[in-house]
Amino acid sequence: MSLLIEDSPRNLLAWIQQAIRAGTCAGAVINPFASPWISKQHRRSAGEMAERLHSLGAETWFDATTHALQMPGVGDFRYYNEYSLWSGNAGDLSTPALMSDHIKRVYAVQDEISATHLAPTTLLHYAESETSLTALEFAEEALTIDPGTWLSIAGTASFWASGAALDAHIAALAQLMPQGWFITTARPLSVLPAEAQKDEIEGICRSVRALSEYAPIHVAYGDLAGLPAVAAGATSIGTGWDQRQRICGFGSFAGRDPDADGGGWYKRPILRALLGHLKVGEAAFLNNRDPARVRRLGSLPPSGPREAFFHYIAVLNAVVDSIASQPDYWHRYALLVELYEAAIIEWPVVQRITSARLGADEWCTQLLDGLRAYGSGEGW
Amino acid sequence: MSLAEIDLLNMALDATGVTLRSKINEGGQKAVYLVDSAGQSAVLKVISLSTSSPDALKRAEREVELLRSIASENVVAVISPLAELGNPATGVAWLEEHLDGEDLSSLLFNVKWSWDDTVGMALDVSRGLAVAHEKRVVHRDLSANNVRRLSSGTYKVMDFGFARFTLKSGLTIGGQPGTPGYASPEHLHAYSGAPTPASDIFSVGILMYAALTGSLPIPHLGDDMDYVTRLRHTVFEPLANLRPDLGADQLDVINRCLHRQPARRFLNGAALSLTLEDMK
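Residue numbers (the working numbering), protein chains in the order written: chain D, 1 to 380; chain L, 1 to 280.
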């Protein structure tokens, strides 16, 4: 089990419980932008969610997602202010006392719902700046308060692509030796497939490879774009049915999501060998025209959003597990390269049959390029 | 000696309560004297400040205090607090134990060392660093000039980088202390990417490489930009080419010390010394 379901304003706890019982996910991450502290008529509180998760023996996390406060346009505070995570203005980390106060308040929420301590962090755009120093000091303070905490690293693509500066920043964090890591790539555009770039993926892989020698790593909102990090040593990735669970986009934390159904991603089936999704109509057309190909590429779920979701996380979980079960870093890397290469061969034929707009270029190529760049640095 | 230097020395002697025996050496803004401290030989180190930001001085004072609390046979004993000379401070001074023997710099580069001798040196150095790292003190400027082999054969680490924070001339482009040829890639960075204990480990790797091959892996050849480029990319002749007699485990330990990514090295002196103990 290598998946954690990220939180969503479109909460479907029953789906999470079913996935946990089916063994396709290990637990869930609650966040204050998506779940209320106080129950609403149609929305369970963080405490109730945690209780249900604990009753299943599932992993229960509370990510304060403090880094969302630095995203342009953040404004969805319909639940956030119920948590009392700040004594002053939300996001004000200008003094050590304010940092310490926020960390303690986050830990207090985690204690109240019996979640493992996960320290808050700030959003970084580059790895060598006043802000990156603040993030390091924030992490140091979090470990001073609780040496058993997990730490977070959150950055935009430019942060993860900052080369030697990234390596130096990661090294300073590695010295802190936390119990584990949550890493997040925040993206200006909330679109799927994630608009990942080669340099960013290489930087993530390099960082994960280094940190994974000492502690487990969760790739928050990683979804399919998180697979290279798994190849580099990450233990789990975050996903869900909603677009906002599959990508950490600035828009996910802005006012109200203008995209009412999140692009309908929860309905779109995945074919395992493609490492990407088809639209419902495209999948149906492919199955009608070339059922043998569909069988060879994996399988399609019965119709319906619930079925599409359970099929999806079963496929994703199987891919993550197959990578994570390899005996060493090289085999993890080699397996994912092989999967991408195979998918890149298959996509053009599928696109020709279905007229699908998205193909290998969008789903696989940049991820493979970044993965290969990481492998090249390892001498592979 | 200029009048200013004489003034600084007199202030240092007053501040530390010692009497001068002789000058040991002088280079740039740092002078080292043999002094008498309550009947015992000691070393007085005096630094002329070209910049004296309160933060740098505060940090230096804190680190000197931490080092004074270290009792290790592999670290030179600091036996006085850091004394600020003048108001505003134009220099700083402190006392250290007097060591016999010779600097590692006079022992390297003439002959290729055996693996056992190299590990012996690196083990002492990493043990010395381990005690400092435990107290969250990073050397930042480990080189052959500040490791001393005593007549007993024990190696001691000297001159932690604290004082060089106050020296403009001792800073690299990242604002860190460091000696060309012995710096780590992180010496080119600042803010959160500044040197960590793993940067000291990189320097131990340099010392081991130099002992085994007679040359520095990333020497400064006179052109700063060329040096920075090679340092940034950690470009060096593979040790296996120069010492084909070494086994894979032996090569691995040094290559790990010299890894371009600091988080891929031994993270601190304790981690390195544990591995070296098993290889001795």
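Rather than coming from a laboratory, the hints here were simulated on the basis of the structure.
Heads up, a few of these hints could be off.
[Claimed, not checked] Calculated from the model, a selection of chain L residues having no Cβ within reach of chain D, i.e. all distances over 12 angstroms:
id	residue
1	A38
2	L188
3	Y191
4	H233
5	T234
6	P244
[Claimed, not checked] Dumping the calculated SDA-like pairs for lysine to any residue here, alpha-carbon to alpha-carbon at most 25 angstroms:
id	chain 1	residue 1	chain 2	residue 2
7	L	K135	D	Q175
8	D	K267	D	P291
9	L	K135	D	G180
10	L	K58	D	I113
We put the CB at the ideal spot given by N, CA and C, even for glycine.
Now the hints, each set against the structure:
{"no.": "1", "hint": "A38", "verdict": "holds, 39 angstroms"}
{"no.": "2", "hint": "L188", "verdict": "violated, 7 angstroms"}
{"no.": "3", "hint": "Y191", "verdict": "violated, 4 angstroms"}
{"no.": "4", "hint": "H233", "verdict": "violated, 8 angstroms"}
{"no.": "5", "hint": "T234", "verdict": "violated, 10 angstroms"}
{"no.": "6", "hint": "P244", "verdict": "holds, 19 angstroms"}
{"no.": "7", "hint": "L:K135 <-> D:Q175", "verdict": "holds, 13 angstroms"}
{"no.": "8", "hint": "D:K267 <-> D:P291", "verdict": "holds, 20 angstroms"}
{"no.": "9", "hint": "L:K135 <-> D:G180", "verdict": "holds, 23 angstroms"}
{"no.": "10", "hint": "L:K58 <-> D:I113", "verdict": "violated, 42 angstroms"}
In summary, the numbered hints that this structure violates are 2, 3, 4, 5 and 10.
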